[in-house]
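Top line first, the protein sequences correspond to chains A and B. For the first sequence, my numbering gives the first residue as 1, with consecutive numbering after it. For the second sequence, my numbering gives the first residue as 180, with consecutive numbering after it.
It cannot be assumed that every hint is accurate.
List time: in silico DSSO-like cross-link candidates among lysine-lysine, alpha-carbon distance up to 30 angstroms [what the hints assert, rightly or not]:
1) A:Lys-63 / B:Lys-337
2) B:Lys-629 / A:Lys-155
3) B:Lys-299 / B:Lys-418
4) B:Lys-418 / B:Lys-629
5) B:Lys-588 / B:Lys-635
6) A:Lys-167 / A:Lys-63
No lab work stands behind these hints: they were computed from the structure.
Take a look at the letters that make up each chain.
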Amino acid sequence: MPRPTGRWLIIGVAASWLLGVSYRPARAGAPGPNEPNPSRPSLAIIVNASNPVDSLSLEELRKVFLGERSHWPNGRRITLVMMEPGQAERQTLIREVCQMTETGFRQHFLHGLFTGEVFVSPKTLASPVGVRKFVFNVPGAIGYVRANDVDSSVKVLRVDGRLPGNKEYRLRIPPAAAP
Amino acid sequence: MSEPVPNAAPAPAPPRDRALGVFSRYPSALLLLVVFSVEVGVSMFVIRDVRTASVEAQQMYARSVLGLRQIGELQYQAQETRRSTLYALTTTDSNLQVEYADQSREADRRVTEGIAEYLKQARMPAEIEVGRGLHRDWSAYLRIRDEVLASILEGSAKEAVDADLSGGVPSFERVRQDLEQIKRLYDQQASEQLVRVGASSRRSIVRLVGVVCFTLIFATFAVWAIQRSRMLSAVQFAKLQLEFVASISHELRTPLAVIHSAAENIADGVVEGKEQLARYGAVIRNQSRQITDLVNEILLFASTRNKKNRYTLRPLQVSQIVDLAMENTALLVQEAGLVVEQQVEPDLPPIVGDLSALSHCLQNLIGNAIKYSGQSHWICVRALLDAARKTGNREIQISVQDRGIGIHKSDLPHIFEPFYRSPAVSAAQIHGTGLGLLLAKSIAEAMNGKLTVESKLGAGSTFTLHLPIPQQKQPPAAAGARRRDVVAQK
């Protein structure tokens, strides 16, 4: 059995290696992964047209999608609508809004429902059209689709005061994930 | 062709005979006209009735049958709306639930459109009222349906079932009842329309039968009238021919008898002396001339009927015609002891015609005036220049007037018919062939003119020969010098 000092040393070395491997200096003029990039397709956050909320901060959005808020200001129960795992839109939302991985996101909901910390279980739909129709039918629903999949049947929320068409809009789908 | 005494004038022909007379003149044309008119009338009736029945049937189909179909479709779509909503309850797959929700919304859109269409077409107060009620109840049901759908999609099946049982079922039942009421209204309207179409159809049949009966009766009457008029015409013509034969026989027998007795007297040696013989010779000559004139008139009539008469047309002075006619009738005038007044305007323009024919025409008119002048013993021959009223063309009018017995109004239309002699004239033993006026008229028309008559019973008659003046004026001297013979076929 190694000594505790040696154990911490091994952990420190491994962590340093991991950090060194994962770190890539940003190229001059190119935005980082978390920075707005107007050339990438935007991810629109949509709610039912009757929802009184027009804008949310990224932090509020994170709480909503992590199930930490149960009701809208008008008293309607929040219903989360997610796309199936593996979809670029879902990956983007989990990474950019929830700041988690797919596994972490799943574990969060399993754990939260078990402990009672999470109030809402997300509904999973296969297509952006299904998401849009779900949001259209359920007054308290919130979901996400690509900005060009949005139509007049739903309302697009501002995130940090910006709409998907804005250059500073932060929720964008990375190229590898974009079709 | 006048009547001798007013009290011997025949009674005017009855209206039926006058109508038959018209039929007798133009039977084929009138028959065609009658048949055409009746056919047009019947066709119009039939077309109108068929169109009315067709329009009523179309309205009935449009309002009732199509209406019932629309309501059937509405019922189906309403059921589909509810069925799709309930299907969403049977699954936990959100994708399927969204699909069912979509189907339900598609069906409810069709129902909403159908209700709007029904309200647009509704005219009667009952229809409008029930349509509005349906619209109200359907909107109420849709509000509950939306809640139910939202609950289902949220995953709250219990809430969805509770909402549907408490609100959805009763509101949908109201919608169903509204639709049933509309259906009953359509049924009622269809029944009423059916009764109306039936009544209209019966009316049409009655009208058609009436029109057909009327047509048959009318056609039968027309055929009867035409046949009768033809028969009357044939009888009348035969009668006229018999009268003509009798008249001619009489006209021939009288001079022949005179000639016969004169010849017998001469043969028996009764006639003595040169002077007496000369008198008998003159009698025989006069009677022979009478017979010759009569035969010539008949031959002229025959040639007129065969349309083989030829006239030599040339420029003529009016005075030539009048003088020749007066000369040829001088003996008759003298024998009758008449006063003839002659008024010929000076410097009348020449006309184009056949001198012999025109003179013959005028002689006929003068002869008639002599025969029918009665006790007045006066006739007048006038020639004057006049402008025709209608065309504005100038014409020469040569008229022969008498103050004799005149012509009855009912005889006037017939006096130019062949062999026609007024019954009163025949009864008065005034001899004639019934051809003189017809020949005069034929000659006038062959000269591009016409013959007219004005007469008043008991006051006398005036026959006027109208002769047109050629358009291109020729100097009288040149007209006399240049003889232009024109052969006209009459």
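Going down the list of hints, with the structure as the test:
The suggested pairing of Lys-63 (chain A) with Lys-337 (chain B) holds, with an alpha-carbon distance near 27 angstroms, which does not exceed 30 angstroms. For the suggested pair Lys-629 (chain B) and Lys-155 (chain A), the alpha carbons sit about 103 angstroms apart, so the restraint of at most 30 angstroms is broken. For the suggested pair Lys-299 (chain B) and Lys-418 (chain B), the alpha carbons sit about 81 angstroms apart, so the restraint of at most 30 angstroms is broken. Only pairs whose Cα atoms come within 30 angstroms are accepted, and Lys-418 (chain B) paired with Lys-629 (chain B) is accepted, the gap being roughly 28 angstroms.
Between the alpha carbons of Lys-588 (chain B) and Lys-635 (chain B) the distance comes to roughly 8 angstroms, so the proposed pair stays at or under 30 angstroms and holds. For the hint linking Lys-167 (chain A) to Lys-63 (chain A), the alpha-carbon distance of about 24 angstroms falls within 30 angstroms, and the restraint holds.
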